[in-house]
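Engineer: Read off the chains here:
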Amino acid sequence: MKLSSYQAFKSAYRDTIEKELGDPSVRRAKKELIDAAFKPHSTGPYVMGICLVLLAFGFAGVYLFYPKIAAKKNTALEPAYEIVSTQKDLETLTEKITGETAQDVIRRPNIEVMRVSSKTGSTIVYQRLHEDTPITVVWVLTGGSVK
Amino acid sequence: MLPDEKELVIRAKRGDQKAFRRLVEAYYEMVYAVAYGILSEREDTKDVAQEVFLKAYRQLKNFEGKSKFSTWLYRIAANAAIDQARKRRPVEPLDGVDGDEKKLSLAETLPDGASSPREEASEEERKALVKKALLQLSPEHRAVLVLREWDDMSYEEIAETLKIDIGTVMSRLHYARKKLGEVLGIELSGEDLK
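Residue numbers (this note's numbering), protein chains in the order written: chain A, 1 to 147; chain B, 1001 to 1194.
In case anyone wonders, no lab produced these hints; they're calculated from the structure.
Treat the hints loosely; a few may be bogus.
[Unchecked claim] Restraint-style ranges between C-beta atoms, simulated for each label pair: (1) P67/A <-> E1007/B: 54 to 62 Å; (2) Y1175/B <-> A37/A: 47 to 55 Å; (3) G1065/B <-> K31/A: 39 to 47 Å; (4) F65/A <-> K1006/B: 54 to 62 Å; (5) C51/A <-> D1047/B: 38 to 46 Å; (6) K1006/B <-> G49/A: 28 to 36 Å; (7) A36/A <-> G1167/B: 39 to 47 Å; (8) S1067/B <-> C51/A: 20 to 28 Å; (9) L21/A <-> E1125/B: 29 to 37 Å; (10) P1003/B <-> L64/A: 40 to 48 Å; (11) K1087/B <-> M48/A: 20 to 28 Å; (12) D1016/B <-> A60/A: 34 to 42 Å; (13) I1010/B <-> S11/A: 36 to 44 Å.
The structure displayed is predicted, hence computed values, not measured ones.
A virtual CB, placed ideally from N, CA and C, is assigned to each residue, including glycine.
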């Protein structure tokens, strides 16, 4: 039985669209649209973000606390000082103050000279406790002794 | 319609891309068919289909749910395809379509049910003929035709989708079929024009 021609057209029309929908390039276009434009959120960026934040905190912690930790360690390694003499010894300074003798200097109430010893050698501490300009001079003599 | 379509739409409106993916997976072919029925060109149709879903995603917040989501999507698809068709240059008329001379008859190329060694060739010819015939219609007439002949939509559904009167739907459909009949040399019956 022959179909009416318009029915044949309708059938051909539907066939055309069906075949078009079945074409691999059309299916590919659908997949690309879904994958590119509406892909689900991945956790990768969030994990990366958390790692970066933790890393930043780590660096901040090192930057802030390392000097204190290092200072404590250095203190532990420092040689213990033993004060050998607190006597106000008359010591010869490398530079004399013009017009003043060493005795004049030593008699000043705000000057103290100490002789201490340490593992590195004899150490002389000259300290002038002036209100405005406190001065502390430390000589570490690595060889011989101070008389 | 998807069984959980309403829920998917609500979730997609909140920005759930996974929900919108499911809508795209469900309706891509429908949108493509409508666009292809109007454009008859694969590359243009792919572009329009992509544009339709991107537009739908952006404008989802404006979808109030008064109509079905598919109706809303059909509307975007039909309008996008019509706009694209209007941008293209005018189509050349069918070869030999002058008065009654040399009209290409669809009946001559269609098989009568029996298989033929030339079946593949005639299928390509048929496809080309359908395409050429459709391109004799305006995009607006093609839109009404594809929704009726491909989607089997009622006049009311077509009117709601395209935001036109039912009377306009009927008149455009009548004109489209009559024009196809003339172009293809088909004698249409009263049933064909319904």
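Engineer: Next, verify each hint and record whether it holds.
Structural biologist: So, going through the hints one by one against the coordinates:
Between P67/A and E1007/B the Cβ separation comes to about 58 Å, which falls inside the hinted range of 54 to 62 Å. Checked against the given bound of 47 to 55 Å, the beta carbons of Y1175/B and A37/A, roughly 38 Å apart, lie outside it. Between G1065/B and K31/A the beta carbons are some 29 Å apart, a value that contradicts the proposed interval 39 to 47 Å. F65/A and K1006/B have their C-beta atoms about 56 Å apart, which keeps the hinted 54 to 62 Å range intact.
A hinted range of 38 to 46 Å for the beta carbons of C51/A and D1047/B is consistent with their spacing of about 40 Å. The supplied range of 28 to 36 Å is met by K1006/B and G49/A, whose beta-carbon atoms lie about 34 Å from each other. Distance hint check: the CB atoms of A36/A and G1167/B are about 42 Å apart, consistent with the given range 39 to 47 Å. The hint said 20 to 28 Å for the Cβ distance between S1067/B and C51/A, and at roughly 47 Å that hint is violated.
The hinted window of 29 to 37 Å between L21/A and E1125/B is violated, with their beta carbons roughly 21 Å apart. A beta carbon spacing of about 58 Å between P1003/B and L64/A contradicts the range 40 to 48 Å that was offered as a hint. Checked against the hint of 20 to 28 Å, the pair K1087/B and M48/A fails, with Cβ atoms roughly 43 Å apart. Between D1016/B and A60/A the C-beta distance comes to about 36 Å, which sits within the given range of 34 to 42 Å.
Hint check: I1010/B to S11/A, Cβ distance near 40 Å, so the stated range 36 to 44 Å holds.
The structure does not agree with the numbered hints 2, 3, 8, 9, 10, 11 stated previously, though it agrees with the rest.
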